[in-house]
Amino acid sequence: MLTIAADVLRELEAHLEAAYPNEGAGLLLGEAGAGGKRVAAVLPLANRWDGAEQYHRFLLTPEDMLRGEQEAARRGLDVIGIFHSHPDHPAEPSGFDRDWALPWYSYIITTVERGRAARSRSWLLKEDRSAYDEEPLVMAR
Amino acid sequence: MTTIRIPTPLRAYTNSQAEVPVAGATVGAALADLTGRHPALKPHLYNDSGELRAFVNVFLNDEDVRHLQGAATPVKDSDRLMIVPSIAGGRR
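Keeping their order, the protein sequence lines are chains A and D.
Per my numbering, the very first residue in the first sequence carries number 7; after that it's consecutive.
Per my numbering, the very first residue in the second sequence carries number 26; after that it's consecutive.
If you are wondering where the hints come from, they were derived from the structure by calculation, not from laboratory data.
Hints may contain errors.
Stated by the list, open to error - Okay, the calculated bits of chain A under chain D, using three or more residues with CB under 8 angstroms as the criterion: (1) 15–27; (2) 60–67; (3) 109–119.
Said to hold, decoys possible - The following residues of chain A were derived to be distant from chain D, with all beta-carbon distances above 12 angstroms: (4) 42; (5) 81; (6) 135; (7) 139; (8) 140; (9) 143; (10) 144.
Bear in mind that the values here come from a model prediction, so they are computed numbers and not experimental data.
For every residue, glycine included, the Cβ atom is placed at its ideal position computed from N, Cα and C.
Throw the hints in and build the complete structure from the sequences for me.
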């Protein structure tokens with residue numbers, strides 16, 4: 007289970023709407039516990055994929071990840087996952103997403119339809135890397 | 026021994042260790058020693074052809090080894106290696 011407050015989700019969606027018609031992305035900062043993970047904050051990042059392909063690709067560099075880990079540590083949190091958008095496309099992971107995925111991280115994918123965030127879902131890579139399981143995304147107050 | 030820092034999502038495969046001491050005179054040998062000690066890590070670091078996955082980046086004392094000599098980069102006992110993921114994806 008992945009818990010996220012409505013205002014944090016709204017901040018995530020606003021970043022992805024601003025990136026439209028390209029894909030946007032960023033990091034989920036939060037805490038992991040026995041009952042699941044809680045997103046405490048999002049770290050919106052620039053899409054580093056080559057510009058012409060950003061309509062269907064995103065990239066966060068190792069330098070982005072290091073910066074994210076430092077920012078998380080500063081706040082007493084961990085990087086617990088990644089968020090990205092699928093512009094005008096279902097919020098389901100692609101084969102390309104899976105090739106690049108790590109276990110344990112929560113992957114929020116948001117459909118952005120005609121510039122507006124329409125639906126967000128969260129996914130976890132299976133241990134054997136064969137597919138994803140959907141992780142319930144729960145709104146907290 | 027050289028130490029390798031393990032990113033959070035892969036610590037489940039190193040008995041929750043954030044840093045693992047490894048033997049080896051090069052980056053490649055150090056990584057081989059790491060996966061020898063923790064075999065469950067291997068499928069997440071290497072693809073079916075035995076090459077490092079595209080998202081796996083190895084830093085030696087804060088420098089990407091791709092900018093050094095890659096897997097052949099020499100390492101000393103006092104060196105610190107870090108595995109840092111890059112993240113990519115997209116709708117198709």
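Hint by hint, here is what the structure shows:
no.: 1; hint: 15–27; verdict: violated (count 0)
no.: 2; hint: 60–67; verdict: holds (count 6)
no.: 3; hint: 109–119; verdict: holds (count 4)
no.: 4; hint: 42; verdict: holds, 15 angstroms
no.: 5; hint: 81; verdict: holds, 15 angstroms
no.: 6; hint: 135; verdict: violated, 6 angstroms
no.: 7; hint: 139; verdict: holds, 15 angstroms
no.: 8; hint: 140; verdict: holds, 16 angstroms
no.: 9; hint: 143; verdict: holds, 17 angstroms
no.: 10; hint: 144; verdict: holds, 21 angstroms
In terms of the numbered hints stated before, the structure departs from hints 1 and 6, listed from lowest to highest.
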